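Novice: For this one, chain W is given, so just place chain F on it according to the hints.
Below, each chain spelled out in residue letters.
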Amino acid sequence: MIHTRNLVKSYRNKLVETPALINVNIDIGDGEFVAVAGHSGSGKTALFNIMGLMELPDAGEVYFMGRELSSLSEKAREKLRRGNIGYVFRQFNLIDEMSVWENIELPLLYLKLSRKERRLMVEEALAQFQLGHIQKYYPQQLTGLQQQTVSLARASVFKPALLLADEPTGDINSSAGNVVMDFLSEINDRGITVVVFTNLMQDAHKAQRIIQLHDGHVVTDAAQISANQ
Amino acid sequence: MPILTFIRTFFRNFILNRAYSLLTLIALSIGIAVSLLVLIYVYYELSYDRNWSDSGNIYRAYSFGDLGDDKINSASTPSVLGTVLARQEGVEEVTRVIPGTRKVVRGEGIKSMESSFFYVDSNFFEVFDLPFVSGNKDDFKRPDAIVISLSTSQRLFGERNPIGETLGTQLGVEYVIVGVVGDFPGNSHLSFDFAANWCSLELLLRRRRDLPQAAMLDNWLYLNTYTYLKLAEGVGEEAFDKLLAEARHKLDSSIVSSYISQQEDPGRVSLNIGIQPIHDIHLFSELENELKPPTSPLYVKVFTIILLFVLLMTALNFINLTTAKASRRYKEVAVRKYFGAGRRKLIYQFLIEAIVYSLIATFVALVMVELLLPAFNRVFDIEISSAGFIKQPDTIWILVLTMLLGITAGAYPAVFFSGLKPQVAIKGSMKVKRWGVVLRGLLVSFQVGLTACLLVLSFGMYKQLAFLRSAEHGFNSDNAVVVDLDSSEEDALEQFVVKLESLEELAFYGRGVYVPGDDPGLVSFRRSDDSTQVLLLAMNHIDEGYLDALGAELQAGRRIDAAKNNEFRQEALINEAAADFLGFSAKDTMSLELVGGRSSDDIQVFDIVGVVANISHTGIKNSDRPMIFLYDDNTQDVRYVVIRFKEGMSASGVEALTLLWGNTVSDMHIELSYLNEIKEGFYKDDKRFSQISLMFGLVALLLTAFSIISMAAFEVQYYRKNIFIRSIMAAPFRNLLLYGLRNFCLYVALGIAAAIPVSDFLLHLWLDDYLKSFNVSLYVFIIPLASMLLISLFAGFLTASREIKRELYS
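Protein chains in written order, with the numbering used here: chain W, 1 to 229; chain F, 1 to 810.
Extracted from the complex, chain F is given alone in its bound form:
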């Protein structure tokens, strides 16, 4: 039988049964679209740093070991490591990367605060083969060379070719742009806007030994450099470790000599170097100081399971929807069989129908993917373009796979229909074994249960997010902003601060090296009365107004009296976590000494005078870090000013502030953040996860709705004869409805009941990750489960009502 005849029949069938055919098509399209999106995500996560032409041979060195009481487990390495590694056998290239601090970049008609300014070795582009849009990578060898990304070029220079333009930074270094490279792909752990030749940094630090970063030139314990190696073909991780072991003693002596300058006990330090394949970094790195936060491989596993589940649900829905109204096709199958159609030909016919369904559904799914991709990128915090996805060599296989899904799903109806006995099927009555009905019901229970679980989890996550936002953070985020002072000139800053006081909207202001949102650096202290114990405390330098501006309250003791500070002895505040850690109470007197002074005469002592509330810097998901606050009115070191406006005067205050900034400090845009936004940023990942959960909950709800519709239609068909008889006996319509759906209701109830313990377990498992969580009460379950029940019953009764009416009155 010609294929075209099958296809023609398919479309006529589609039109005649348009409601169900459309439902089937929509269910299949949604299933394929969601599978594609999940597949794209998984593929994206697995493709990290595999774009480089020699990515299989590129590794990154990392540091691990002990530094006194502290463990080193860092993605960064000593800068000097590069020169040692370059001499190792089997190493083809070593290239180093240092992320620079935020700085103002100036050029002709350009003044911009830039946070993605890196220093890289001149051979960087030999290892990471980013395409040069303009310029030449050989020119990057000159010491003052700088390469910028394409988007940066467009942002700063517009259509102008920037090659040969000069850029300057705050430290007086001038760079010449020698190249514009394509932006780093989103699926790379590396990304920068500016890459200056490493030599420029080295020359600067050799000239300015007073700069703190100058220590990196020879200090093996200054871990600020990311070192990448390109190994010769065939030299793997293990072989390289052996080669490195041979150079171990040289390393050790260098490391110890570095340490001796800082500590008395070299026996307590060990620094080891390992290497990891570059494509393992994103998913498998457990190191600190990563350039880009890695993703847990758990996500990939969870999404792979979701993918399989969605595929399964899609296939089952297709089967259920195509066979729910099977009796309509019985007659056709029987007639074809009577007139000589063999089983093989019927299978062929139904498979062609499934392929046509899949082709149309795949097309619809691709349109859905195209439309959903921007939202998907936003929620998943990834960068996938549909064009980029289509260009992937594996895309064709992805499409073939989705087609196979349709074919696989179509195989069951094909076998089912072709196996019908014509003399039975010609009567149009449904002959399904009881276990088949039960199996269908249990599948509905499973889908309803799983969707209910996802809805409970989403609701729980929403409640937890609301709880986190409203919880005590140790500061008042309302009516307060933080201004980044990095781009300001020192003199101008003084002027800005003076004029700030004249703003009528101002309530308080204060300066600090760190504000909420920053992770304060850890510093080693020891108690003056117990020198054996080294304590790591986060340290923040603040001025007198900082705590008031933040709205942080003093819990005990008093504030710092700056007049009592001198070069060797200062007053300090600690937070509640540090007070607990140290066992400090306001009645005590306690002093801490800074560890690591250059000599015993150089020891700085800090007298604790008060305890401040725990100011959360990264959100209450993380434990409050013990922290010490030191008074510092040296404006050079202070990065931020926190400004609190009077109640209700935020908007006009920000306006006045922006004006003041423009007039006094800089012609650059003011870098201003609302404290509320900073607080919101603490829970960005939680919000994302909750959105993802809700998204999958809604998809599952949609897929379950299709399953419910097919089940309800099937039940009516299955009990058609009994419904007829009851109708003849003048049974009211609602009785017919209840009779037709009595098993359906049971299966829905079973799914909801099973969801209660499972969702309870999963919700608590998720909340275990939080130090503080909301009180999980009964209504967290009741609201989503009742909604699920109502939606299921509504969809079921609506379908059944329609089907019964059609059966009775058509």
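With the rest of the complex left out, here is chain W:
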């Protein structure tokens, strides 16, 4: 699904250059459920942005669905992103002016689907995440868990190849966090590759494989036996 080779990324301003990723090599196959774990400053966000096709590395190669990204224009990356990657954020990032239904429908609007197709897909997502009863609500009327569940529905409604979640449990309590991680696992069960970026090891342990980052380096990359298994 996604592979990186000798990935290097730094952030700089006029005075200081801060390395974020140093020679990162990661291979994530189709259908995997991977957790990228690390403390703040370990390079998680830089990797999230590169894997999410938002940024390009300073050096090294990134392959997504067999295509090398560093030579792609922003427009080409945007096209590649569309319909293939779903995103979940720590702060939910639902659009306040849109209802639950409309927030879930949002990615479908950019996929040239008919109204009927969109409706069917949204209804399916509402059913899957048990959101039917709040479909007309607006984000500010929802609890944190409900908002993150809507966010998960939005990220998976178009059945992307890859779902990236950036600290999806960071703004909710631990029991709600467990629910979210269970939903991610369910999404993965439907064949969607899921990569969760987290600094909480209890969340990371819900994944099939944990890649640990420390100061921009991959320090461990190991498959684990799921507690469920």
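Warning: the hint list may mix true and false statements.
Claimed, not checked - Listed below are the simulated DSSO-like cross-link pairs for lysine-lysine, each with C-alpha atoms no more than 27 Å apart in a straight line:
id, chain 1, residue 1, chain 2, residue 2
1, F, Lys301, F, Lys687
2, F, Lys345, W, Lys79
3, F, Lys687, W, Lys159
Please keep in mind that the hints were generated in silico from the structure rather than gathered at the bench.
This one's a predicted model, so the numbers in the text were calculated from it and none came from an experiment.
Specialist: Only chain F this time, still in chain W's reference frame:
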């Protein structure tokens, strides 16, 4: 993404951020409304006399040349010119217009004093195609035909059809109404209530050669006629001038022969004829004796600049207001981008929002225009109806243009938002370059400065107006009225004057040919002791009571002793301006002779016996014209009686006067004007200009307020992080406020500081037009500038306080 989804999102966004959305909408609506009003005004001024179906080929002849020491530069021409021009090649029609004097019009059950009574050639309505509401324009060919305007018909006849009715005038001429025409459009230099066939006037003058106007029939120097030509297609101004040059010698001989009858030296006279396109008259005529005072093209230029400025301010305000709270939309843009929205789609979305804003704002603006139009018409002294405006073929383009304004203003937010990097924007933090912040600040400085300038100018104009009203005018306008005697019969007038003396409220009364508000005619005199020098003096015939009634004081010498007057030698008074002009002092003896007597035995001599204060006839904005007062007790020539009431008895005096008029003189309404109103009329234009300046000052203040609000909100957003940190450090709220607005205060102060020299320059430039002006002291600047500063700071601090509280406590 479907448009409806964008629109739905727009309205939800609007409701969620209703305070700012409403501000944005109001700012845009006001900007569009003001732009529309200014555009309507400019369009109106440029559309003068373009309504006639063949207006491109209609021209007006004018006269220029020399008449002895005087220059001729007149919109009026000799009456006889029309017949010469009609014979020229390329001329399709020539039609003449003479504005008649005020006269009493009588008909069945009608008696009315009318001031808009014109004589026109029978082909007038072929050139000026006013619609005939009733009657037929072919009937206007009969010599006794008269056509009246629709409003006059309604005023005099009500619902009755006036066709065939007879109207009579004081000179015993009877007219038959053959048509009712629609009123002249407001944007025409021509306008009349009655148009009598020219033949009636010609027949009357040929019959009554004793009337002074009879000279117009053959005198080339009697310039009282407005001559219009309709040229054949393709014959322009230049081609016509060449054609006219060929007829020059014929003209010259006729002109000289006219002049010989008046002057000894034909070499000092030249009269030339030119033509000007009819649609140039209103804006570009610099001729004297215009039928309607032209407007300076400077106004149109100034208003076009104002229009562009308002459009710019509106667009900038829209940009500032939509991007001031940009961080709220960062997240939405980022999420859309994450989920595949391309830049083009985001631009499309924001442009649709701008179009929806513009559509709503245009609708609101049209409602505002409809509501403001009556006041706008009053201030600008124009006649535009909203229905008339909507019917204009260009209206659709005006609306499209205002829509484009919204779209243009919306383009920047569209490009700005769509260009955000999603991974940065998702954090909701504002990433604006420093120069962008400075640019915003400088725009605020510019708007604050400009508004401050307008406020200083408005205040200065108000002070000047107050100064003009209270300045010495050479007469006392309190407790005095002027009665127009035109509508009175001679016998009745004598009776009226006799009975006037019995009014207990009366202090003084006196009669005169001219009163303040009239522009006295100029007459040529020469000094008896220096016949080479010809002097032009305004001449007024007055009676003994006139100066007392006006409250005008004798400055030197004595009053006229009527007993010393005879047919050839009379005593006269002059005003101070004439005394300065002639170098006259009360110790001197000086005599003036009237130039233009029929023979050398016929010379009238006037001995100057006293000097009167300068009685201002058109306001102290204009220089005091040298004037001579002659005693005349011939009531036939006297048009006005000035009546001064005893202190505090004005109201009862006017009541008694009206009663007396009704009983003795006429069953027509008394034509009475208060001297105070006449004086106020001198400064009508100044008052109008001051109102316009104040109006634009207030609009600019409003638009600047929006700019200030958006700037204050932006500053708080920009320094949000620093404000947070200071708040955590327990900084008092006022410190947070001052910190958030420190740059804002600087920009406001910069604008105010820049306004001081600019407004000083503009105010003095404006006051240069006046002969006398008030003393421009510091407080003329301090009051408006301090007000501007306080308003800016108040709006800024209020907005910032609200924003900081929201950021900290939400």
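Novice: Now tell me, hint by hint, if it's right for this structure.
Specialist: Right, here's what the structure says about each hint:
Note on Lys301(F) and Lys687(F): the hinted pairing holds, with a Cα-Cα distance of about 20 Å set against a maximum of 27 Å. At roughly 13 Å between alpha-carbon atoms, Lys345(F) and Lys79(W) fall within 27 Å of each other, so this suggested pair holds. Distance check on the hinted pair: Lys687(F) and Lys159(W) sit about 73 Å apart at the alpha-carbon level, beyond 27 Å; violated.
Checked against the numbered hints listed earlier, the structure breaks hint 3 alone; every other hint is satisfied.
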